[in-house]
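Given only the sequences and the hints, what does the whole structure look like? Please build it.
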Amino acid sequence: PEPAYVDALQRFLAEDGGFACANRSLALSSLRTFKELGVLKEVTSPAGPLLHLGEPFRSGENRQKLEAFIRQFAEP
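For the sequence shown, full-length UniProt numbering gives the first residue as 1, with consecutive numbering after it.
One should not assume that every hint holds.
Pair by pair, the computed Cβ-Cβ distance ranges are [stated by the list, open to error]:
id: 1; residue 1: G38; residue 2: F12; range: 18 to 26 Å
id: 2; residue 1: P49; residue 2: L26; range: 13 to 21 Å
id: 3; residue 1: A8; residue 2: L37; range: 13 to 21 Å
id: 4; residue 1: Q72; residue 2: A47; range: 33 to 41 Å
id: 5; residue 1: G54; residue 2: F12; range: 17 to 25 Å
id: 6; residue 1: D7; residue 2: L53; range: 17 to 25 Å
id: 7; residue 1: C21; residue 2: G60; range: 26 to 34 Å
Simulated from the structure, these hints should not be mistaken for lab results.
Small disclaimer: the values here were computed from a predicted structure and weren't measured.
For every residue, glycine included, the Cβ atom is placed at its ideal position computed from N, Cα and C.
Printed below as a string of structure tokens:
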């Protein structure tokens, strides 16, 4: 579910002092960017929006590339 993803993303951004300003706004902005880039796809469900990886990022190899790309911005 999207709210759980936002909470987890906020915790990830704040872990180990990664981003001192990590707040819900930053997590929501990151989520919007991931949707716009096609990394995440939103599916409407009765329980609310659900997030799934976009098709290009479903393979293990591409997930590793994506993680490496994201970590270059998240690590000092």
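Each hint tested on the structure:
| no. | hint | result |
| --- | --- | --- |
| 1 | G38 <-> F12: 18 to 26 Å | holds (20 Å) |
| 2 | P49 <-> L26: 13 to 21 Å | holds (19 Å) |
| 3 | A8 <-> L37: 13 to 21 Å | holds (19 Å) |
| 4 | Q72 <-> A47: 33 to 41 Å | holds (34 Å) |
| 5 | G54 <-> F12: 17 to 25 Å | holds (19 Å) |
| 6 | D7 <-> L53: 17 to 25 Å | holds (18 Å) |
| 7 | C21 <-> G60: 26 to 34 Å | holds (32 Å) |
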